[in-house]
Each structure stands twice: as structure tokens, then as C-alpha cells.
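Participant: Each chain is listed here by its residues.
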Amino acid sequence: MLEVNGHAYELPADAGTTLAEALRDDFHLTGTKVACAEGHCGACTVLVDGAPTLSCITLAHAVDGAHVTTIEGLRDHPMVASFVRADALQCGFCTPGQIVSAVALVDATPAPTQQQIRHAMAGNLCRCGAYPKIEEAIRTWRD
Amino acid sequence: MARLIRTEKEVEGRYEEVWLVVDEDALDQWPAGPGDVVGRPTQRVDGFERARGEAVYTADLYLNGMLHTAVLRSPHAHARVTRIDLSRALALPGVHAAIGPGDCEQLTDLPSYQGAAIAAVCADTYAQARAGLRAVELELEVLEPLLDADEAVGRGQLLGEQRSRERGDVERGFEEADVVVEGEFRTQVVLHNSMETHQAVVQWVGDGIEVHISTQYIWGIRDQVATGLGLPPDKVRVICNYMGGGFGSKNGADDYTFIAAELAKRTGRPVKCALTRREENIAAGNRNATIQRLRIGARSDGTITAMSGEYVNAVGWGGWVAGTDGPMHLLYACPNVRTVLHGAKLNLPPMKAFRAPGFVEGTFGLEALLDELATKLELDPLELRRHNHAEHDPVDGRPFSSKNLLECYRRAEPHWERRHEVRARSTDTVKHGVGMASQVWYGGGGPPSYAWVRVGSDGRATVVTAMQDIGTGSKTAMAQIAAEELGIPLEHVTVSLGDSARGPYASISAGSSTIPSMGPAVRAAAADARRQIDEIAEQKGTPDAPLEEIVALLEDAQILGKGARGPNPTGMQVLTFGVQVAEVAVDVETGEVWVVRLAAVHDVGRVINPLGASSQVEGGIIQGIGHTLSEQRLTDPRTGRILTTTLDAYKLPTIADVPEIVSELIDAPDAHLTNLGSKGLGEPPIVPTAAAIANAIRDATGADVRELPISREEMLRALRETRERRGAPAAV
Amino acid sequence: MELLRPSSLEEIPASNSLLLAGGTEVVPQLRSGLLQAERLVDVRGLVPQGIDGTRIGAGATLAELEIDPQIPEALRESCRLAASPQLRNMSTLAGNLLQSTRCWYWRLRWPCRLHGGDECFARDGEHREHAFFGNGYCASAHPSDVAAALLALDATIETTARTFPLADLYRLPTEDDRRSTTLAPGEVMLWIDVPEPDASVYLKAMERKLFGFPIVGVAAVRTGNATRVALAGAAPVPWLLDGPLDDATPLPGTAYKVEIARVLVRRAVDAVASR
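Chains as they are written, first to last, in our numbering: chain A, 1 to 143; chain B, 144 to 875; chain C, 876 to 1150.
Bear in mind the hints are in silico, worked out from the structure with no lab data behind them. Predicted model, so just to flag it, every value in this text is computed and none were measured. Where hints are given, some of them may not hold.
Said to hold, decoys possible - From chain B, some residues computed to sit far from chain A (all C-beta separations above 12 Å):
#1 170
#2 196
#3 298
#4 386
#5 573
#6 616
#7 698
#8 793
#9 857
Stated by the list, open to error - Among chain A residues calculated to face chain C with C-beta under 8 Å, some are:
#10 12
#11 15
#12 51
#13 53
#14 57
#15 58
#16 85
#17 122
Claimed, not checked - Derived SDA-like pairs: lysine to any residue, alpha-carbon spacing no greater than 25 Å straight-line:
#18 B:683 <-> B:715
#19 C:1084 <-> B:799
#20 C:1084 <-> B:572
Ideal Cβ positions, reconstructed from N, Cα and C, are used throughout, including at glycine.
Using the sequences and the hints given, assemble the complete structure.
Facilitator: Shown next, in the form of C-alpha cells:
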């Protein structure tokens, strides 16, 4: 069983299926994006037991028993509204992964410094360059 | 009233003459300054869909029965297929079809660059398609590739003709000069690496075709597919509701669209063909490398008397020759300029437009050499630029529709002033400096573009277009424009886009042209709707009643306003301008460079959405920093095969690479340009960044950097050369 | 392919078992064809993960070590600067030590020496990210920051079979044996013993500010009057610097790395001397 956003899903039959493939192709949760499929860009970031994890290089079977949180499970988190308010997105393809990483950061550190934000978010690439506003969104998420 | 005109249409610096039917643009511009909605910071109208992961990109699309495609792309820079057999692939489980050279135009048996498509297999799953590809029996004869740009020019292996442009008398100009500086500048191949890779899902429906595609130009794809497949354009429907970045690389249908179309025809199923990230780094297009051999001569008072440049664009196997020579012709008032531009045709993947193609590269060379001139003349770089400011188009003397570059310089002064305090922070090992660079680019857009505005009895309006929002927030800007013109709240406006079957022609989202092309059409449509509503109010005898009260009479009927982009001002040059000031720190022992602060001042006419606009400025600057410091596509020197195919090898900037960015837009409407006075903003911010950083490095260390990217190796080389020039002992 | 999740190390099948912990190398390498396996064995629950005196569990993640004040600074800093936050959450100490080179020729499966072929394509090719020591046969660079720190810390590895200095985990590939690690089939790392130094530091040169492999990484560790220095990104294996940098054998395109190494070695040695 895979527990995703509090719901139970059947494990995919093929043990070689990645968590990203299971989420997107089997469970039709396409909020989690795949941009590189090799663990280099962070777009596929989900939380596994609260820890930001690259779903494109995680085997679905390896998270059997863990709590998986995707962007679909965070749709009402204040961070989402903070991103929209701050205009912390442009094309939006990297944004779900950014928000997942940002939520994990503020769960651990509710008022992060710029250095802490940069350290925690360096694994989420954004080609459009929304970074300055992503920083602002994280700084002001409780406003 | 409709009129047939002949006009110049410009995209990405390329001009073509077209016949157009345009409607006159009879509206007066709004007064300068924020209105009720336009000119005010506005959140993206589709922000929540994107942020929540609810937006469906082409990558997320699943159509019933959809098949997946794997493409066999040439691993060699130059080869010939001597044998290909698809039969074993076709026998594998899940495989529905396989095609090879001759089955569609995009599949070749003479691949002339790595990544050229040779064959394709579609299957129930992508893994099965990949397995099918592995079962294709392929024999290739590897041929010698031509990889060196100078060698190609020497051999006459060019794309198109050599392009020479000259004004005045350059020889005499150099004779008049007191000081002449010259240098060779090189820029690297840069890859777009949009986060959503190139892809399409194609389905034949009846005797027509539906193409879902991650694109910057819905209507362009429609035309290309219609022409390519021999279909009437109305039988081609193109859909793109959300797309994950393009930056110029997604202006055309490329190969995957036609491959998917052919496979869809053979299988009777929808077919997805998506590039992998590795394919994206190999075959999705690039900003080509350039070699620039430049000379500038000036009198001792700083007046530039002559400029000349020889440019080689290492275009690759195809594409077009971008205007690397453009800044030299357009930026300064010098009467004597000569440039020669070659497009070297090489066995390398074809270039594609990338955010201000040619001008990023050319501004680096020109503005860096200009600072070398300033150093030699012992003149302040800002003063030197002001001194050579062009009041009119320096190419042909035409007036500018608007130009506020002097105002940009004035607003840059406080940032430029900081250089004294910045330099004072220097230590023995870390030197601090400030540099600047000017920016010129296009951005006027042009006709045709059309929009409809529908108002219903609920007082709400829908802007009906077939445009695309490539992430710039153009959807939001159109909503603002319609709301402002109709005089209704922004929340009462919906913008419909993304489907060629459901709206009129919309221009490409490239060349900084969406707002200046679509915006006026939307305003005109809203104004047309407003006029019809006002006429009803007149008839009813209540001319001052609010809009909501009048349209409440409509019940099921609707008002439909139509609008079109009018012509560009005749006899005027329409350009954007700006200046950036960079503060850097350089560890002179390790060659590490920090961009600490970057101030940007840009003149792009009226700003519709200051919030979205500042995001464009920041995004352009950050891409500019990547271009300057860390991004480079590398190839194996012997075979030309690409080595940087993944995002660990190809180094995009992360959040940690971002400086303090301070940006300002002049926001002065261009009084001659359309009913809005707005120019495009997507490209101007990336243009001067590399030069500003290179000039700041020179200010900090005295080192002349003439090559991009400014890698550790290049920085250390430049520092070493500076020490040797100064006769200083080795630093370590 | 099957994924086994045994409840003890003894249950791991003796042959055809590819061990999986964080999977940050194994999974992408399986998918790109660099690795082939019919059977993966999930060992995350089976390999020690915590800290026991000076011993660190081989299954500890880099993220856990990054914030642990008991860890010597060089090791903590090498974890902090390695990879991305997500990768640090996922990857284990042992996995990090066993990671493969980033050499593009190897990663793109050119038939190079490490793949059993007879040529090193980097030598006469594009080698700006490659080695300046130990590069006579293979010019690849070892990308692990953590390995360099542990080498300088003179760590000891305890496996299911033996206990040995970390340096012996690695070997330079040779004509008759192309491997760069020495673990026997079925041998599993359990603990890494890290003696506490008097002072340690890790400095890293990268092409962007965060999230990159080392151009060169320098770990300096002082115990008493003795200082050990080890380099990442310098050789096909983590490199103990026991002579002058003048002995380096850079390729034309890696000479700049030696320049940077000189500076970072000096700074690192100075830093530990004064603490």
C-alpha cells in the first residue's frame, strides 16, 4: 500500500516503477512534475515522512509504509497563497516542487533567514528565474 | 474600418514585409500613470491553478488510448544510415507502429547533426517504446563532421549569404580617432532547458487533426502543420492551455509534432511524442556560439568615430543568422559603422531563437570593448555612453517612436555612484567592483492580432483569444486591459486562450511581442463592446447608467466586441532601451565570482502589470547570470558529440546564485505606439547583464574578460594575464 | 526486476543482489543502463544508521550528519555542501562513498576504460572537470566531498567481512582490473569510525554557489602537530595529499584546478593550524 496525502493506493505491479511514475501515470496525480527524470532539478519533489525527496529516482515500492505528501495534499497550505501573492512563479512547471520544499522548510524553521532559505531551496531549479520572489514568498508566508 | 496595408513585421530582430488587413486603432491612449487596473500590481489570474499543480500542461495530458513514442536520434554529428530494419521492433509487446526514413519528412537517413531524428516507435508505454527502439537494427556509417566555425567560413560552408552592413566611411573614421581599441570576443552555446521539455500529443479527429503542444505560437503551429501535412488550416486545431517555458525554443513544430502525427495516422490513436531532458539538451535548439572581432575608434573627448565588427555565428546545421551585429548599429550615434556577419553551417544541432537572439552576444562584445575604450581614454563609462547617445535611429536617421535611454542613465546614477563605496570593500584576496552596460532591443510587436470581448447579462466579460501565456503573465495583462477599458472589476473578467478553434489569430509569444501585439487588440475589442453597450444605454435614455445595469437587459443575448491590432507608426523606429549596473566580488586567488547586486532600469513604454513586469526583469537577469558564469553546452572536440546532456553537467543558476536585484521601469507610454503605448519586456532584461558583469570584473580586478562563460578557468586566465601585464609577482 | 526487503543482512541472497539504500545513484544508473540488475535488495533498515561514540552508521543520511554537532566539522561541512537538500535527505554515507564519477564520457557510456574499453576519451577530449592526480590510466575525478573529508579524518570502515582504513576502499583502475572500489560481492558497509581530530575543515570550489560537484574540494584535519589533507575532484579516487601539489600531473585542461587547489590547501591548513 502506498499512502499518499492520507489516501491508500495500490502499489504498482512493476517494482521498477518510480514514485513519480506511480503518482502521475497510475494514480493520475499530475501535480508532481517530471522535468529531468534523473534527480538533478527538484521539480518532482514530494515529502516522504515529511522529508523532501525526489520522486523521479525513488522506487514506489521503497516507500511502502511511508507517508507521502504531494502538492495535491498541500493545496490549502498558506504557502500556496503566499507564492501567488508574491508572484513567485512564471511558467509554473517547477512550482509544485518549490512549494513542497518550502513547506518542509517552514515546518522545521517557521521564520527562516535568507541563508536558510537558499540552503533549503537550492535543489529546486527554476529556469524562469522566479527565485527572488520565491524567497519573498517563503519569508512572508505567514502574513 | 478595415484597411489593406503593406507593413514590416518584426520578430526576434528579423523583418519581413507582409500584406495585412488591419483595423484602424482609433482609441486615444490612457493618460500616463496607473489606472483603476492597468498599471497596478496584479496577481496572476491563473496563479492558483499553476501553484497547486492543477494546471494541465502537455506533459500531463492523457487522452484515451494514447500511445507513447521513443525517437531514435543520431548519436553522431554526421552519419549515413546504411541499413535500418524495424521489423524486430514491431514484433515486441505493446508496440503499435514504427517508422523510419521516408515515412515522414522529419526522419532522415543522412543525419547531419547529433539528435537528428532517424526513426520512431510508439507503444502502450514509454518503456515499451524504448524497448522497441533498442530492437531497431541500425547501421550507420560515421562521416567526418565540420565543427569549427572559422573553418566553415573559410570553406564557404554558410547558412545563407554573408551579411554586410555599412554606413559612413569607416576607414576615415578610424583615421580620425585618437584611440582605437580592438579585441576578439567569444560567447558559448547556451541551452534553453525549459522545465517542460518539447512535446506534443496528436490525434486525428474526423478528417482533421488536433495537436496539443507545448508552444509559444499556437497559430504558427497550425500553419506549419497544415502546410506540412497538406491540410486546410481550418482542419488543424492547436491547443496549449499551459506550457512550461520556451524562451524562444518553442516557436515551431519541430520534428516531434510530425512524428506524432504520422504515428497517430498509422495507429488511429492519440500519440504523445515527448523529448527527454537529454534529448532537450541535444536536439531542442540552442543560442549559438559566436566569435566577434571588434574595433572601436574614438576621439579623446569620447566621441566614437568608427566601429567595425566581423561576426561569426556558429549556427549549426540550420536555423537562421541572428543579429549579433545589431547593437553595434543601433546603440550609439557613430556615423561610421561596418559589420560583416557570417552564419557558419556546422554539423551541430541547429540554433533556435533564445531570448534576444544575437543581441545578448553582441551586447557583451560591444559593451565590454566600450569599457576598455573608456579605460584607455580615462573617461567615466557612463559619461562615455551618454556622450554617444543617439537621438535618432543611427542607421537611417528615423525618429524613435519613444526613447528614454537618457532617463535610464539618469536613474542609474545612484547605482553607479555606489562604485566608490563598493571598491573600498576590496581586500587583498577579494576585489569588489562595479560595471554597467546599455541595452537596446526590439519590442514593438505588430499586427496582425485579434481579440473578441463578450459581455453577458451578469456584467462579466470574457476576453476570447487564441493566444498563449508562456509564463510571462500575458493572460493577466489582457484581463487588466479589458477590465480597464470596460470599467469593470478585474474579478469580472475571464480570459480564454490556448485553442486555435476558439478564438481569432493571435501573434507569437516571442520577440517581446505579446503585450504590444495582443494588448491593443484586446483593448480595441473591449472598446467595441463598450461602444455597443453605450449605444444601448443611449437608446434606453439612460446614457450614464452603470454597465451592469445596461447589460442586465440582455438576458441570454451577449455583446460581442471585436478588435484588431492597428499598424505600427510609419517612418519611426520602435525599440526598447535600458541600462544595468552590476556589483561583483572576485576572489583573485581562486577565480570565484559573486554577483552581489544588480540594478536594472528599462524603458519599455507603459507597464500594464508592475508585478509581472518585475518578475520578467528578474527572470531575464538570472538567465543572464547563468549565461555569464556557469552555463555552457560542451561537445567532444573530435566527434562533436554533446557531453552536457543532463542538468548536473549543464549548470543552470540556483536560488543561491541570485544577487540583490533592484529594478525600475520608466513606465512612460510610447505616444506613437498603438492604443496602449506599451512595448514588450521579455527580452530587454537579459541583454546587458553579461556585459555589466564583465565590466564590473574589470573594475574590480583590471582583468579583461572576453569570453563567456566566465568560468573559473577563464577568470584565472584573465587575472594571470593582468598580473603579467602589470609586471606583478604571481598571486600565490 | 524484483525488490527484496529482507529483515536481516543474512537473508540477502549471496549473488545477483544489487544493494539499494537511498538509491540516488542506483536508480538513475539502472534507468540509464549504466547498471543492470534483476534483483534489488533494500538494506535501509538493515544497516546501522545512528552514531555510537566515534562510529557513524553507514546508513546515516547526509542530512542527519549535516546538523549533528558531534560530527567533526570537515565531515559536517562536506555533507552540508554536497548535492541538494533532497539528495541529502535520501543518500547514505555508504552510498556517497561508493558513488561513480561524473565523467561525461563514462556517464554517456562511451566505450572507455572503465567500461572495459581501451581508450580514455577525456585525455584528448573535453576534460575540464577531470583529474590532476593518479590520472595516467583513467582521467576521471571522484566527486565525493564526504570521502575526501573521511580520508583526511583517517576514518576506518567496518564491513560484514573486515575492518580497514577508508583509503583501502578505493583503488586506481588498472588494465587488468577496471574497478575503483574494493568491496567484495556481498560485502556490506556497517560503520565508519571517525577519530576525533583537534581541528578540521572542508573547503569546496564549485561552479555555482550551491548544488554542484567539486571542481576541487579540500579537507584538512589536524591532530596534534600532524595535518592530513585530502582532495575531492582531483583523482579517480579520493586523494590523500601526502606530497607537494607540484607533483600533480594535470592535463592541459585541469591545470586551473591545481591553481585552485593550492589556494584552498593553504587556506585549509592555515584554518586548522590556528584553531
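Participant: Give a verdict on every hint.
Facilitator: Here's how the hints hold up against the structure:
Interface exclusion of residue 170 of chain B from chain A stands, the closest Cβ pair being 29 Å apart, more than 12 Å. At the 12 Å boundary, the C-beta of residue 196 of chain B falls inside the reach of chain A, the nearest C-beta of that chain being 2 Å off. Every beta carbon of chain A lies more than 12 Å from that of residue 298 of chain B, the smallest distance being close to 36 Å; the non-interface claim holds. The non-interface label for residue 386 of chain B is inconsistent with chain A: the shortest C-beta to C-beta separation is roughly 7 Å, within 12 Å.
With a cut of 12 Å on Cβ distances, residue 573 of chain B stays outside the contact zone with chain A, its closest approach being about 18 Å. Its closest Cβ contact with chain A, about 7 Å, brings residue 616 of chain B to no more than 12 Å, contrary to its assignment away from the interface. Listed as a non-interface residue, residue 698 of chain B keeps its Cβ farther than 12 Å from every Cβ of chain A; the least gap is roughly 35 Å. A cut-off of 12 Å between C-beta atoms contradicts the statement that residue 793 of chain B is not in contact with chain A; the least separation is 9 Å.
Annotated as non-interface, residue 857 of chain B keeps its C-beta farther than 12 Å from every C-beta of chain A; the closest such distance is 23 Å. Residue-level restraint check for residue 12 of chain A is violated (minimum Cβ-Cβ distance to chain C is 11 Å; threshold 8 Å). Against a cut-off of 8 Å between C-beta atoms, the interface hint on residue 15 of chain A holds, since the closest Cβ of chain C lies about 4 Å away. Hint status for residue 51 of chain A: holds, given a least beta-carbon distance of 4 Å to chain C, under 8 Å.
With a least beta-carbon distance of about 6 Å to chain C, the hint placing residue 53 of chain A at the interface is held under the 8 Å criterion. Annotation: residue 57 of chain A was flagged as interfacial toward chain C, and the flag holds, the nearest CB pair being 4 Å apart, inside 8 Å. Below 8 Å, beta-carbon pairs count as interface contacts, and residue 58 of chain A has one with chain C at about 6 Å; its hint therefore holds. Residue-level restraint check for residue 85 of chain A is violated (minimum Cβ-Cβ distance to chain C is 24 Å; threshold 8 Å).
With a cut of 8 Å, the hint placing residue 122 of chain A at the interface with chain C holds, because the nearest CB-to-CB distance is about 4 Å. For the given pair, residue 683 of chain B sits about 45 Å from residue 715 of chain B by alpha-carbon distance, which is inconsistent with the 25 Å threshold. Using a Cα cut-off of 25 Å, the hinted pair residue 1084 of chain C and residue 799 of chain B holds, with the two alpha carbons roughly 6 Å apart. Of the pairs offered as hints, the one joining residue 1084 of chain C and residue 572 of chain B holds, with about 18 Å between alpha carbons and a cut-off of 25 Å not exceeded.
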